[in-house]
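Chains as they are written, first to last, in our numbering: chain A, -15 to 330; chain B, -15 to 330; chain C, -15 to 330; chain D, -15 to 330.
FYI, nobody ran anything at the bench for these hints, they're computed from the structure. Warning: the hint list may mix true and false statements.
Copies of the same chain look alike in the list, so a pair counts if it works inside one copy or between any two.
[As the list claims (entries may be wrong)] Simulated pairs of lysine to aspartate or glutamate, DMTMM-like, Cα-Cα distance not exceeding 20 angstroms:
1) 212 with 147
2) 120 with 228
3) 223 with 124
4) 223 with 24
5) 120 with 271
6) 212 with 261
7) 223 with 261
8) 212 with 233
9) 223 with 147
10) 212 with 48
11) 212 with 268
12) 212 with 229
13) 212 with 239
14) 223 with 23
15) 120 with 14
16) 120 with 229
What you are looking at is a predicted structure, and each value in this text was computed from that prediction instead of being measured.
Protein chains: 4
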Amino acid sequence: MNAPLRFGVVGLGYWGPNLVRNLQELEGAEVAAVCDRRDDRLELIGRRYPAARTTRDFDSLLVDPLVDAVVIATPVATHHSLALRALEAGKHVFVEKPLAASSQEGHQLMTTANRSGLVLMPGHTFIYSPPVIRIKELIDSGELGEIYFISTSRVNLGLHQADVSVVWDLGPHDFSILRYWLGERPSFVAATARSCILPDTPDVAFINVECASGTVSHVELSWLAPGKLRRTTIVGSRKMVVYDDTSSEPVRIFDSGALLQDPKTFGEYRLTYRTGDIVSPHIDAREPLALELADFCMAIQTGDTPRSSAQLGLDVIHVIEAAEQSIACGGERVRVLDVIESQSGA
Amino acid sequence: MNAPLRFGVVGLGYWGPNLVRNLQELEGAEVAAVCDRRDDRLELIGRRYPAARTTRDFDSLLVDPLVDAVVIATPVATHHSLALRALEAGKHVFVEKPLAASSQEGHQLMTTANRSGLVLMPGHTFIYSPPVIRIKELIDSGELGEIYFISTSRVNLGLHQADVSVVWDLGPHDFSILRYWLGERPSFVAATARSCILPDTPDVAFINVECASGTVSHVELSWLAPGKLRRTTIVGSRKMVVYDDTSSEPVRIFDSGALLQDPKTFGEYRLTYRTGDIVSPHIDAREPLALELADFCMAIQTGDTPRSSAQLGLDVIHVIEAAEQSIACGGERVRVLDVIESQSGA
Amino acid sequence: MNAPLRFGVVGLGYWGPNLVRNLQELEGAEVAAVCDRRDDRLELIGRRYPAARTTRDFDSLLVDPLVDAVVIATPVATHHSLALRALEAGKHVFVEKPLAASSQEGHQLMTTANRSGLVLMPGHTFIYSPPVIRIKELIDSGELGEIYFISTSRVNLGLHQADVSVVWDLGPHDFSILRYWLGERPSFVAATARSCILPDTPDVAFINVECASGTVSHVELSWLAPGKLRRTTIVGSRKMVVYDDTSSEPVRIFDSGALLQDPKTFGEYRLTYRTGDIVSPHIDAREPLALELADFCMAIQTGDTPRSSAQLGLDVIHVIEAAEQSIACGGERVRVLDVIESQSGA
Amino acid sequence: MNAPLRFGVVGLGYWGPNLVRNLQELEGAEVAAVCDRRDDRLELIGRRYPAARTTRDFDSLLVDPLVDAVVIATPVATHHSLALRALEAGKHVFVEKPLAASSQEGHQLMTTANRSGLVLMPGHTFIYSPPVIRIKELIDSGELGEIYFISTSRVNLGLHQADVSVVWDLGPHDFSILRYWLGERPSFVAATARSCILPDTPDVAFINVECASGTVSHVELSWLAPGKLRRTTIVGSRKMVVYDDTSSEPVRIFDSGALLQDPKTFGEYRLTYRTGDIVSPHIDAREPLALELADFCMAIQTGDTPRSSAQLGLDVIHVIEAAEQSIACGGERVRVLDVIESQSGA
């Protein structure tokens, strides 16, 4: 049996304690140290996990030979500098989503990690949630057929953020899910948005995403809504799926579709519609965050790429940047940059 | 008391018989004649309404002095020529939606009607449906405040049409409702679509619509969906509304919103969220088609413009054409032409 | 091919015209005559079906050699005398539910029909509805296991009837369904009710029904409710089913249950709970009334007992009478009479 | 300002820690000691609340002058002896629902508390939940009119208990709510049940409850169900309410009803049905347990009777015992004993 992996966690605000708790409960993992600037947060977490060293000094994590990997749950603006310093100190890095505040930043992190053979993993937790995984299996098995289009709504009332748009805040969830499901990078994005409450801070956005394979996706994001809606429809050539994260039946599979038969005579189409059973498969209630951190450990130990890879995190940022650019120029269709271009553009 | 208005109805397919039935039940209206090329349809309707003359000859309606108005329920491609001949014969005209197959055609019909002082009315039935009217009242009374955005989905499985896209088929419903609610013509449209089943016949479309006032609308239309969805969310600065045409509570009013208070100090925003009661007002179950035809009679008798005016019908076509143009050039943002431009372009 | 069966329909109020329409559309059936006391009803139906003779004289149906069977859709109080006269005239009889106004009346009809080898069939339409049939198949195939209990609610606002309770009005639906599904007569009934609006006319009732096999059923009936509810839960030892007649997914099958394993040690139970997939099977949208009348024709032609047999209709009345008796004596548990006893009591 | 009240909590299983946490967060309250037989439970809670003394010895709470009140969260069988000893030691007592394992036990506790002027309070948490309180206000204000009947379902899959029926397990919730809403003790109960899984342990029960005022209630309780259902319908002469504890809109008020107008002519009734707006009032999300414990503190400090009084707890047991007796004799209608009778019977 291997020695346990030891983690240093920086940022003990809203999400950090969840990371600490899940790491602590993970077999083969230990929280060696926790770091924050606020004494009260350090004290609170320190009391809960007496074995973890508490510190206000991030550098102390980097020089600590007992720390194998650094887990970053600080504000987005700090992701790049903290992650870069950790990688340069030879630590594996897990950083909360989004990977960085720009594709340039993200790209630099990725190349740094690759150069040193270190794991760099953004925390796209949704792609570890059992309903999302189940749908991935449905797509990959061919049960849904060709994916014609995906339409998704992620809306609720609040919380507005003063410095980033709803696209940066909620977009990473849907863009990482789409990237995971479809297995390809979007090629074009067109987005319309409005800053209803705060000036220059879009709080509603309608984003169309095109992939080279032909799959079209629509993503509706909003901090202004009469209620919470987390509804995704996936329309395939064989079956259709509705994924509702707020439902007790999060995945519903519809054996429905339209079938084009061979034209009887030239120029005449014969269409039949099929409406069959609807199945809500039982979905296990495992915690996505635990699965995500286990994947991080696996990646460190085996060298395999985690599902939520740095490349996936970078792809998500590329889509966000394309959406923001489209919004800025009034809804124009914008080409999503790929790695090579962003590299040369950096 | 006035003499009853006498109508000639042409086209006795799916929708025509509904028009005949509602006209027959309307006080002050009489069906003088019905016209179709198919003898079996004529026979069926003739048996039901023995007082109505049946004819295969459209011209016979036009020369019949007993016919005050012509009601057209034939395929879209024939709207222009039939309506034009009726107007030129001095008859008022009601034509099923859409008004015509192009804005040029629609514009010619409108100018012809205006020149002769005749009523030309497209059959946008939804703007006579009690839930839609109730929401119009909520908007006009200011109860919802400024309309930030509207998001609407109109999807179901089928029926594909071989010659027109889902935008021409389902779009007139939403575009007429938006036009009625907002009281302004859209200025820009951007649309993404896909022809999943039939080549070159989009069966799913995501359409963003911008108005000069700032209101942004998103319209999702599809013939491919796991189920029927008719869901519209209207987000105002004061209240929000969900309109669901398939629900026993078609209008739900949410006393919810985000409130920006005066910044405490320079550059700092204070937002509060309000979540109050939800009300499902009782909505009368009157038949929209009866209200629509009564409005047509009123317009003929008083000379007032009907709610579903020729101008509204033309505006709807302008939005459809802009959406189709946007789809054709890959989602580009397209300016919606207004009447003057389309005139000069004609 | 057989000559068509010819029907005389008496009672052209709310339900009668549906019977006429379905008979008319049924292959191998013809409506020979329609009968009502009201001239306007006769005229209306006569215009729709010119081939049917119209008459105000019920006896004229009985002496008409062209009439094979009489279909009765008159008020309950008249069922017995009309059906008896028809049977005595040698006609097969279909009578709307309930079969008669009392078990004595019902029993007399049944013995009369049996003596003459005529079909007597009560119109329990629900047991011909596709969702109810589908559940019957699930029960009979053993897929649900032993049926532990059934809980059903049939409530809506109105319509109160001045002369019969909600048990006589709505009860026949549920009691016929239970009788069909379970294949056994209830042995005991206990009911609590209240006459909220009209004196001595219960408009809400809670009825517990026990069968010898052990299955317990609860039936909630009400004319006072905030909305329409048609919800039945069937809990079996293997699977559970929810049947909702108002839903687009009327049958939902839950692969869930509790499993008692062999006690580890004496007196200790080990229970495990199983929660599996949920399936909404596609249910064909055939009209129950058409299937019911086809079954009537089949019974006449073959001599086989129809699904909605006179015995089933009589069993339903026995349950209603037991429930009424329980209500009358304050909720006491009442034994359901079976045929032999009711016979000797007659 | 008063000195804080000091509590000793016994029983640190599933519910006890919730009581400790809420007491700790309550202003004016302190957890002086926690007691359990299991060292690991004591250690866990002791670590969380270092200021609380931990002990395995219940008597040490009773002799501790720093303990004002004892909070009991142990199995039902022990409620009586622990509560009695605490009262006899002069401590106020809060005991988890049900108050005791029989009405005799409950009655003895109540008279003991009354004699010594001590507060005895059962933990009927639901009557402190904001939706239940809101409905109490609606009833008391007369907004619902006369309460005709109440129908409630509390079902889910599991958890079976080996020693008590579903009536003892789930019944206290509904019987306490009904007692609180209606403000009167039930007079008669009739119940049907079945022991589906474990022998002699009913896991489904249909219970009819009658009050002297005329209000009829039906309570469906089950550990066997395809899903969780917490649905209560209250039908009043003026309005109706649906209370669904699992919904984001737990209270819905329907302005609907049937209206009996003066008979036009002798013996003829004229009924009209009214269907108005539906309102989902905003309900505050306060934790019921915190409100409940604050009520306990208030009762200790002021001598006022808490909402969840010993009398209410005893009334609940009387209903449960009547239901069990009805089940035992096959569904017979059973009179609910009141205090005097149960006393003399003791």
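Hints the structure fails to honour: Those not satisfied are hints 1, 4, 9, 10, 14, 15.
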